[in-house]
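Trainee: Model the placement of chain B on the given structure of chain A, informed by the hints.
There are 2 protein chains.
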Amino acid sequence: METLSENRCFGGVQGVYRHRSDACSCDMTFGLFLPEETGDGPVPLLWYLSGLTCTHENAMTKAGAQAWAADHGIALCFPDTSPRGEGVADDPEYDMGQGAGFYLNATQKPWTPHFRMWDYLAEELPTILDNGFAIDPDRQAITGHSMGGHGALTLAMSLPGRFRSVSAFSPICNPTDSDWGRKQFEGYLGSVEAGRAHDASLLMRESGFDGPVLVDVGTRDDFWDLLRMDTLADAMTARRQQGQLRLQEGYDHSYFFVSSFIADHLAFHAEALWA
Amino acid sequence: METLSENRCFGGVQGVYRHRSDACSCDMTFGLFLPEETGDGPVPLLWYLSGLTCTHENAMTKAGAQAWAADHGIALCFPDTSPRGEGVADDPEYDMGQGAGFYLNATQKPWTPHFRMWDYLAEELPTILDNGFAIDPDRQAITGHSMGGHGALTLAMSLPGRFRSVSAFSPICNPTDSDWGRKQFEGYLGSVEAGRAHDASLLMRESGFDGPVLVDVGTRDDFWDLLRMDTLADAMTARRQQGQLRLQEGYDHSYFFVSSFIADHLAFHAEALWA
Chain A
16 METLSENRCF
26 GGVQGVYRHR
36 SDACSCDMTF
46 GLFLPEETGD
56 GPVPLLWYLS
66 GLTCTHENAM
76 TKAGAQAWAA
86 DHGIALCFPD
96 TSPRGEGVAD
106 DPEYDMGQGA
116 GFYLNATQKP
126 WTPHFRMWDY
136 LAEELPTILD
146 NGFAIDPDRQ
156 AITGHSMGGH
166 GALTLAMSLP
176 GRFRSVSAFS
186 PICNPTDSDW
196 GRKQFEGYLG
206 SVEAGRAHDA
216 SLLMRESGFD
226 GPVLVDVGTR
236 DDFWDLLRMD
246 TLADAMTARR
256 QQGQLRLQEG
266 YDHSYFFVSS
276 FIADHLAFHA
286 EALWA
Chain B
16 METLSENRCF
26 GGVQGVYRHR
36 SDACSCDMTF
46 GLFLPEETGD
56 GPVPLLWYLS
66 GLTCTHENAM
76 TKAGAQAWAA
86 DHGIALCFPD
96 TSPRGEGVAD
106 DPEYDMGQGA
116 GFYLNATQKP
126 WTPHFRMWDY
136 LAEELPTILD
146 NGFAIDPDRQ
156 AITGHSMGGH
166 GALTLAMSLP
176 GRFRSVSAFS
186 PICNPTDSDW
196 GRKQFEGYLG
206 SVEAGRAHDA
216 SLLMRESGFD
226 GPVLVDVGTR
236 DDFWDLLRMD
246 TLADAMTARR
256 QQGQLRLQEG
266 YDHSYFFVSS
276 FIADHLAFHA
286 EALWA
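Those sequence lines, one after another, are chains A and B.
Sequential numbering of the first sequence, starting at 16, is according to the working numbering.
Sequential numbering of the second sequence, starting at 16, is according to the working numbering.
In isolation and in its complexed conformation, chain A is listed as follows (with noise of 0.2 Å):
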């Protein structure tokens, strides 16, 4: 694992590192924010998801995320999107391939063999950090924005007894029933069919979370058509889901959106984390 840059940040260190990843393929590169408590003991970690288009940098820069966790003494990591480089299969559009890997594990070329962020993020990462960082595997909790929102929630309900809370801003809901979702699937996967075990409103009906779970969107969100947020509050009305899903007026789908709320998420995930 390579060192690309380390930070001091609120009293912690913010690092970026690139390691060969055996499940995508390729070299990948994550963020990793430790807080200074790091030096007592291993820490709990929050990992968040980031959008369409995004790499590990986006939250890790506009999300004002390290202050909050710092306070908490908790640990932020930022994954990639999507495998990456010159051999990897891409889309012209900024929805489909690098930058936009919908955190599935592709099944069809082009994808395959590198579009598995399923397994990247499910196994292969956190065995990573257990091994090179002070991180506590029995103190997880998942966030993230947007295709990361998805994420975080399909991960969350797919791996019980993983994280202890689960948030998401903005996150794609349905899909298997939204332009962001079922050209992915079946491209990814082969048909939107296959999608099914990848869609958080599905998830939730189905399995649900066995913790809290706290979801925000903006009123004036951009997508928010495309989100389908409608779906996973029946899902989650549907099932009695421990939880809370808030509408914030007047917010839109961007990064000052995140920032405004992610005090709020941040203390949630500390409040299930130090439990």
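Hints should not be assumed to be uniformly reliable.
The list treats identical chains as one, so a pair stands whether inside a single copy or across any two.
[Stated by the list, open to error] List time: in silico SDA-like cross-link candidates among lysine to any residue, alpha-carbon distance up to 20 Å:
| # | residue 1 | residue 2 |
| --- | --- | --- |
| 1 | K77 | R154 |
| 2 | K77 | V31 |
| 3 | K77 | G26 |
| 4 | K198 | T127 |
| 5 | K77 | E21 |
| 6 | K77 | D151 |
| 7 | K77 | S20 |
| 8 | K124 | A209 |
| 9 | K124 | D86 |
| 10 | K77 | E201 |
| 11 | K198 | D145 |
| 12 | K77 | F148 |
| 13 | K198 | E108 |
| 14 | K124 | P107 |
| 15 | K124 | Q113 |
| 16 | K124 | V103 |
Hints are computed from structural coordinates only; laboratory data are not their basis.
Mentor: The following block gives chain B in isolation, referenced to the frame of chain A:
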């Protein structure tokens, strides 16, 4: 004036606006955060001047200042760092020309007539804000990073009564005796000597600032030798300037440093602005 974007942010609005600048003879873009309290009447204003290579956007997206500005009910203005555009002179190096205006009025070709950032910030933009937004011109403060710290300190000391408080992150403190300054003064003003009126350490010795000063710098600043913090420290102690100079252990020159201490700076200015 054209509205390029307005995003709801911490209960207020983060706007980006473009206007024709008479001072710089080109279009100029600035960011303006207005807290929720703006709806009730004029609010105090904190200027944030950015460093080399930056636009209006860097601090607006990476410093995390809006969280605390909202808490304190203070507006934030993020001006650009130079005139820009096709007809505007530039330099192949990052430290001269577009993105490197050094907050002065150039007197030498090819930098005249566009490079007049001093007039732009001392006169034109304040008038535009005063006319167009609910800003209280009697409650202004100023801060900045690196070249912007130089701008904040020199504007504050050269315009007595304008600002109630001044702060800076990693400022260029003694440009007449640094490679960040000598080249630029020779180019923009014709001589290093002509830059003496834009040297924070010289101004501190000559006149100081009638109010509190806060300066933060990281002990691992990548550009330590160029900043010449020693000369500002000497000047502040020589005149017993009211203020604080803080050397922050292990921090560097990046926005991870700025964001780590932005809350302190907002609290510092809020105390002066609301006094």
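Trainee: Determine for every hint whether it applies to the structure shown.
Mentor: Here is how each hint holds up against the structure:
In this homomeric assembly, K77 and R154 never come within 20 Å of each other (Cα to Cα): the closest approach is 25 Å inside a single copy and 28 Å across copies. In this assembly of identical chains, the alpha carbons of K77 and V31 lie at most 20 Å apart whether taken from the same copy (15 Å) or from different copies (17 Å). In this assembly of identical chains, K77 and G26 lie within 20 Å of each other by CA distance both inside one copy and across copies; the values are 18 Å within and 17 Å between. Taking the shortest Cα distances, K198 and T127 sit within 20 Å of each other inside one copy (16 Å), while across copies they are farther apart (53 Å).
Taking identical chains as interchangeable, the C-alpha atoms of K77 and E21 lie at most 20 Å apart whether they share a chain (17 Å) or sit on different chains (17 Å). For the identical chains of this complex, K77 and D151 are neighbours neither inside a copy (26 Å) nor across copies (29 Å), given an alpha-carbon limit of 20 Å. Taking the shortest Cα distances, K77 and S20 sit within 20 Å of each other both inside one copy (17 Å) and across copies (17 Å). Proximity of K124 to A209 under the C-alpha cut-off of 20 Å is restricted to the intra-copy arrangement: shortest distance 15 Å within a copy versus 65 Å between copies.
With identical chains, the CA atoms of K124 and D86 are never at most 20 Å apart, being 45 Å at best within one copy and 51 Å at best between copies. With identical chains, the CA atoms of K77 and E201 are never at most 20 Å apart, being 32 Å at best within one copy and 37 Å at best between copies. In this homomeric assembly, K198 and D145 never come within 20 Å of each other (Cα to Cα): the closest approach is 35 Å inside a single copy and 49 Å across copies. Within a single copy, K77 and F148 get their C-alpha atoms no closer than 24 Å, and across copies no closer than 26 Å, so neither meets the 20 Å cut-off.
Proximity of K198 to E108 under the C-alpha cut-off of 20 Å is restricted to the intra-copy arrangement: shortest distance 11 Å within a copy versus 44 Å between copies. In this homomeric assembly, K124 and P107 come within 20 Å of each other (Cα to Cα) only inside a single copy, at 16 Å, whereas the closest approach across copies is 44 Å. For a Cα distance limit of 20 Å, the shortest separation of K124 from Q113 inside one copy, 14 Å, qualifies, whereas the shortest one across copies, 45 Å, does not. Taking identical chains as interchangeable, the C-alpha atoms of K124 and V103 lie at most 20 Å apart only when both belong to the same chain, with a minimum of 11 Å there against 49 Å between chains.
Checked against the numbered hints given earlier, the structure breaks hints 1, 6, 9, 10, 11 and 12 and satisfies all the rest.
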